[in-house]
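Visitor: Line by line, the protein sequences are chains A and B. Here our numbering runs 1 ahead of the position in the first sequence, where the first position is 1. Here our numbering runs 6 ahead of the position in the second sequence, where the first position is 1.
Simulated from the structure, these hints should not be mistaken for laboratory data. By construction, the Cβ of each residue, glycine as well, lies at the ideal position given by its N, Cα and C atoms. Among the hints, a few may not be true.
Here are some, though not all, of the chain A residues that point toward chain B, as calculated from beta-carbon distances under 7 Å [said to hold, decoys possible]:
| # | residue |
| --- | --- |
| 1 | Thr-23 |
| 2 | Lys-43 |
| 3 | Phe-46 |
| 4 | Asn-57 |
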Amino acid sequence: MFKPFRILYRIYVDGFRNIGITGKSLLIVLAVKLFIMFAILKIFFFPNFLKQNFDNDAERSDHVINQITNTK
Amino acid sequence: MNEIDISLVDWSRAQFALTAIYHWLFVPLTLGLSFIMAITESIYVRTGNEEWKKMTKFWMKLFGINFVIGAATGIILEFEFGTNWSNYSWIVGDIFGAPLAVEGIMAFFLESTFIVVMFFGWNKVSKGFHLLSTWLVAVGSNLSALWILVANGWMNYPVGMEFNPETARSEMVSFWDLVLSPYSVNKFLHTVSSSYVVAALFVVGVSSWFLLKGRHVLLAKRSIMVASVFGLISALFVALTGDGSAYHVAQKQPAKLAAIEGLYEGQEGAGLVLFGVLRDSRNFNAESNYHFKVEIPGLLSLLGYRDANAYVPGMRDLIYGNKIRGIEGVHEKMEKGRLAVTSLAEYKAARKKGDNVGAEAALATFREFYNYIGYGYIDDPESIIPPIPLTFYSFHIMVALGFYFILLFAILLFFMIKKKLEGKKWLLRVALLSIPLGYLSSQLGWVVAELGRQPWAIQDILPVHKATSHLDTSAVIVTFILFAVLFTALLIAEIRIMTRAIKNGPKE
């Protein structure tokens with residue numbers, strides 16, 4: 002392996018292996034947070050509105066144009 | 007289907023504001039503490055004194071806690087763009103794409119390499135390379151903020167783009183106009199320097215607590231010295247860039263300036279309200295809108311136009327127009343805006359029918375009045391004035407706190423140099439209690455910037471109610487509550503882990 006990458010790899014491995022109690026608590030918080038954000042919120046609550054409702058960019062453009070040319 | 011429920015707009019606004027406020031609780035400390043660590047580590051590398059290394063590692067630990075808990079909270083805002091603000095996202099996608107892509111790539115490389123070296127690389131890489139990594143983390147995280155703030159600056163002052171009526175997208179015509187827009191550059195400098203002040207207050211406050219408890223005295227005194235100098239320079243720079251903000255807002259967003267300064271009637275030699283209590287704030291025809299006020303004559307004209315006698319338009323001028331001063335009223339702008347909107351519809355209809363001549367004519371009208379298009383969606387001329395009391399008081403409290411911070415850092419430095427700080431218990435308590443004030447002023451700055459931009463999502467181009475997706479309001483309320491719970495839990499986790507780490511102090 003290219004030397005700088007090997008050093009970086011060792012830093013990663015040793016760093017996480019010797020992590021303290023605070024570090025472990027933080028990693029748990031981080032994992033739970035990312036799970037909630039990407040596996041729950043993003044999938045079930047935050048679909049991309051235009052991607053979900055329209056098949057292609059032309060339809061999406063038409064939709065947005067309809068929205069912004071309606072002054073109500 | 008086409009009419010947007012106003013409660014949907016308000017809940018979408020509230021949801022975005024909530025997530026942005028929580029996100030911004032984490033960001034300033036990351037931006038500022040990274041430089042304070044880099045400074046203390048530089049002193050360690052230069053002197054070889056292990057006490058500076060211990061200090062660096064202690065602040066690095068607190069930085070790490072804040073960084074990990076705050077990481078990815080900004081991604082929620084991107085989720086909301088796609089779901090709640092789909093019209094807006096579609097229209098600005100090409101503009102925001104480039105800066106946000108640069109930000110993403112930069113954050114990835116920064117976080118996957120230099121932050122890891124910074125935390126885990128002690129004694130595994132050379133002192134010099136470790137120091138370089140710490141500086142790169144500081145510079146990189148601040149540059150990350152640059153791209154976000156460029157995007158935000160563009161919403162306040164849209165430059166370097168052209169709207170494509172075929173695709174309904176704003177397309178970038180000049181990357182450098184976008185990035186080097188004076189509005190955005192000033193916004194970046196003002197925001198990051200105010201974040202340095204927040205971080206300096208945090209370091210000074212935590213160190214003061216150590217001094218009050220008689221623990222880690224040397225570390226605390228040195229930290230206060232470094233943070234006070236850093237904080238004082240930053241706070242002075244905040245005042246300087248705040249002056250730049252006033253100038254740019256006066257040129258580009260006069261309604262925002264009039265609202266934050268509570269200026270109802272335009273004036274030559276307009277004064278800056280030092281302190282005042284508003285009354286009947288939405289009555290634009292009242293004889294007076296103040297219970298009382300104290301102002302410095304001519305200062306608003308000087309700050310906004312670099313001339314103490316310059317005319318500053320008031321809210322009445324901006325709503326009803328002032329022919330003598332050449333200020334267009336909202337009614338005239340609404341007519342031009344409606345021409346832009348209808349000509350866009352005519353252009354699309356003509357294109358569909360294959361009527362090229364009709365399409366060309368409609369396009370020419372559209373281009374002529376495009377800069378007014380946002381006013382085509384405005385029904386009530388008075389609605390172009392943002393909420394006045396909240397912006398007015400937020401601005402004045404923020405400015406007062408800004409000057410208080412300058413004074414606090416100067417006094418701390420004075421007693422540090424005189425070697426009398428340890429005996430000044432009252433000052434140490436004041437410094438400790440000032441930690442939340444830094445966060446408060448930083449949040450108030452965003453309230454002024456974002457609430458002061460209302461009713462616009464993109465200044466003069468797209469009002470907020472046209473930027474919103476047609477969603478079920480109850481779905482937005484549910485996600486609002488979910489975010490409130492999630493972010494509050496994260497904040498509690500941060501405070502608990504942080505206070506535990508502070509109580510434990512640096513490793514001996």
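Visitor: Taking the earlier hints as the rules, which of them does this structure contradict?
Guide: Per hint list: single violation, 4.
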